[in-house]
Amino acid sequence: MKTKIVGGILLLIATLIWGTSLVAQSLGTNHVGPFTFNAARFFIGAIVLLPIILVTSYHKNRQQTSTACHEAKDNKLFKGGIICGCIVFVTASLQQIGISYTTVGKAGFITALYIVIVPILGLFFGKRVPLQIWICIFLATIGMYLLCINEKFSLGVGDTFVLFCAFSTAIHILTVDYYSSRVDCVRLSCIQFFVCGVLSAIMALIIEKPNLQSIFEAGAPILYTGILSCGIAYTLQALGQKEVSPVATSLILSLESVFSDLSGWLILGESLNFKETFGCILMFAAILLSQMPTSKALKVAKTSGQIDPKL
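Each residue of the sequence shown is one higher than the one before, starting from 355 at the first, in our numbering.
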């Protein structure tokens, strides 16, 4: 239970970072194209992790006993990093392009629809979803709608890009869930960042033809999203998912839209009306409910002696 709580806290911190970085991503589109912006920030995110990897590698190499086992893990690590990197490239590109054509509120709501997509995709892999989680998904979806949608809902060009981003995000959550328990999470994050950075740079050179002046003008948003949103938040996601199920992860990460609106209120002086405040309450209620153990889980815990049967 303690490890699950720690995992949830790590995911919550990652969500807070992503929520506050949405404004930076929007500002970045004023200076550079989406592929240029993503290439810069993901390269920075990978570089931030290199010192951590060098330190941990030194200690692991001293304790390494099986070369064959080490090589097998490396192969799985690189494979997972490349796969995750390609998915992150698609996800980040769709979001960055979409946010240029739609409002931040609609983008936040549509992207967070992955909380519905994750359990549906999980069904195809034989993962059953308890009724409690479906109720949480329902509450969170209503909450996000009340929080983010202020105009008549319709899918425009930007909305369509962000909707596909939601599907890609759901696939990334399930992929990270598979690899996070099998490989080193920090190395996995670093590799996926480099892969995403390379793919974004190739697209930027072909389509956007970036220049240093525009990149320097977008320096602050790039550094913020590169160091915090990429280097720290994605790594926290990988570490947190080792202890938290994919469905519960998607619910926690859906708080990104809440933190985005709250940061606008605290930093930019934007206000939350009653409808938006009620949406926040519903989403927090959904997160809390998703983390409560089911009756079946309590019975198993009592049988195994992990909790007091009197509780």
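A few of these clues could be false.
Label-pair restraints from in silico Cβ distances [to be verified]: (1) 532 to 563: 50 to 58 Å; (2) 363 to 562: 35 to 43 Å; (3) 406 to 628: 17 to 25 Å; (4) 563 to 639: 26 to 34 Å; (5) 514 to 480: 27 to 35 Å; (6) 566 to 360: 25 to 33 Å; (7) 566 to 489: 46 to 54 Å; (8) 638 to 521: 37 to 45 Å; (9) 567 to 639: 28 to 36 Å; (10) 532 to 565: 36 to 44 Å; (11) 559 to 405: 50 to 58 Å.
As a list, the in silico DSS-like pairs of lysine-lysine whose alpha-carbon atoms are at most 30 Å apart [said to hold, decoys possible]: (12) 356 to 629; (13) 433 to 596; (14) 358 to 596; (15) 563 to 430; (16) 629 to 481; (17) 430 to 356; (18) 563 to 481; (19) 430 to 596; (20) 481 to 356; (21) 596 to 629; (22) 629 to 563.
Just so you know, these hints were derived from the structure itself, not from any lab.
No residue lacks a Cβ here, since even glycine has one placed at the ideal position from N, Cα and C.
Cross-check of the supplied hints:
Checked against the hint of 50 to 58 Å, the pair residue 532 and residue 563 fails, with Cβ atoms roughly 37 Å apart. One distance hint, 35 to 43 Å for the beta-carbon pair residue 363 and residue 562, holds here, with the actual separation near 38 Å. For the pair residue 406 and residue 628, the supplied restraint of 17 to 25 Å is violated, since their beta-carbon distance comes to about 44 Å. Range check, residue 563 to residue 639: about 48 Å between beta-carbon atoms, so the 26 to 34 Å window is missed.
Checked against the given bound of 27 to 35 Å, the beta carbons of residue 514 and residue 480, roughly 31 Å apart, stay inside it. Between residue 566 and residue 360 the Cβ separation comes to about 42 Å, which falls outside the hinted range of 25 to 33 Å. At about 52 Å, the beta-carbon gap between residue 566 and residue 489 stays in the expected band of 46 to 54 Å. For the pair residue 638 and residue 521, the beta carbons lie near 25 Å from each other, so the given range of 37 to 45 Å is not met.
For the hinted restraint 28 to 36 Å between residue 567 and residue 639, the CB-CB distance of approximately 48 Å leaves it violated. Roughly 40 Å separates the CB atoms of residue 532 and residue 565, a value that falls within the hinted 36 to 44 Å. In this structure the hint that residue 559 and residue 405 lie 50 to 58 Å apart at CB is violated, the actual value being about 28 Å. The hinted pair formed by residue 356 and residue 629 fails the criterion: a straight-line CA distance of about 35 Å is larger than 30 Å.
A threshold of 30 Å between alpha carbons decides the hint, and for residue 433 with residue 596 the separation of about 18 Å falls inside it, so the pair holds. This hinted pair checks out: residue 358 and residue 596 have alpha carbons roughly 9 Å apart, not beyond 30 Å. Between residue 563 and residue 430 the alpha-carbon distance is near 35 Å, which puts this suggested pair outside the 30 Å criterion. Between the alpha carbons of residue 629 and residue 481 the distance comes to roughly 34 Å, so the proposed pair goes past 30 Å and is violated.
Note on residue 430 and residue 356: the hinted pairing holds, with a Cα-Cα distance of about 29 Å set against a maximum of 30 Å. Note on residue 563 and residue 481: the hinted pairing is violated, with a Cα-Cα distance of about 44 Å set against a maximum of 30 Å. Under the criterion of a C-alpha separation no larger than 30 Å, the hint pairing residue 430 with residue 596 is consistent with the structure, at around 16 Å. Distance hint between residue 481 and residue 356 is fulfilled; the C-alpha atoms sit about 24 Å from each other, no more than 30 Å.
With a C-alpha separation of about 35 Å, the suggested pair residue 596 and residue 629 falls outside the 30 Å cut-off, and the hint is violated. For a cut-off of 30 Å, the pair hint linking residue 629 to residue 563 is broken: about 43 Å separates their Cα positions.
Checked against the numbered hints given earlier, the structure breaks hints 1, 3, 4, 6, 8, 9, 11, 12, 15, 16, 18, 21 and 22 and satisfies all the rest.
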